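A.B. asks: Please model the entire structure based on the sequences and the hints provided.
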Amino acid sequence: MFDNGICNGVDSLCKVQGQVYTSQNLLNYGFGSFADCKSGNQGISVGGYDTYGMLYEGQYLDLPKNLKNGVYTLEIEIDPEKKI
Numbered sequence: 000m001f002d003n004g005i006c007n008g009v010d011s012l013c014k015v016q017g018q019v020y021t022s023q024n025l026l027n028y029g030f031g032s033f034a035d036c037k038s039g040n041q042g043i044s045v046g047g048y049d050t051y052g053m054l055y056e057g058q059y060l061d062l063p064k065n066l067k068n069g070v071y072t073l074e075i076e077i078d079p080e081k082k083i
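Numbered by numbering that gives the first Met the number 0, the letters in the sequence shown go through residues 0 to 83 in order.
Be careful, since some hints might not be right.
No more than 30 angstroms apart at the CA atoms, straight line, and that leaves these computed lysine-lysine pairs for DSBU-like [what the hints assert, rightly or not]: (1) Lys14 - Lys81; (2) Lys14 - Lys82; (3) Lys67 - Lys14.
In case anyone wonders, no lab produced these hints; they're calculated from the structure.
Quick caveat, the model's predicted, so the values are computed rather than measured.
C.D. replies: Shown next as structure tokens:
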């Protein structure tokens, strides 16, 4: 995991509920530096992002074949043990 790109307003990767986040409005933008995945200290900098293809384990969802069309909400839990 490392910074594959930065939030710059060009694409929609840093857009949440219509708000686009860039260096101008994201607190601590650029804090940290994670330039490659070879380091023992991997992560994502503030304002950075990483992308993963669907072939990586955990980057896709298996949905039931009989799932009906509709609007669904995907709920995830991050840091359930409150370590960060």
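A.B. asks: Could you run down the list of hints and mark each one as holding or not?
C.D. replies: Hints, verified against the model:
1. Lys14 - Lys81: Holds - the C-alpha atoms of Lys81 and Lys14 are around 25 angstroms apart, at most 30 angstroms.
2. Lys14 - Lys82: 26 angstroms, holds
3. Lys67 - Lys14: 28 angstroms, holds
The earlier numbered hints are all upheld by this structure, with none contradicted.
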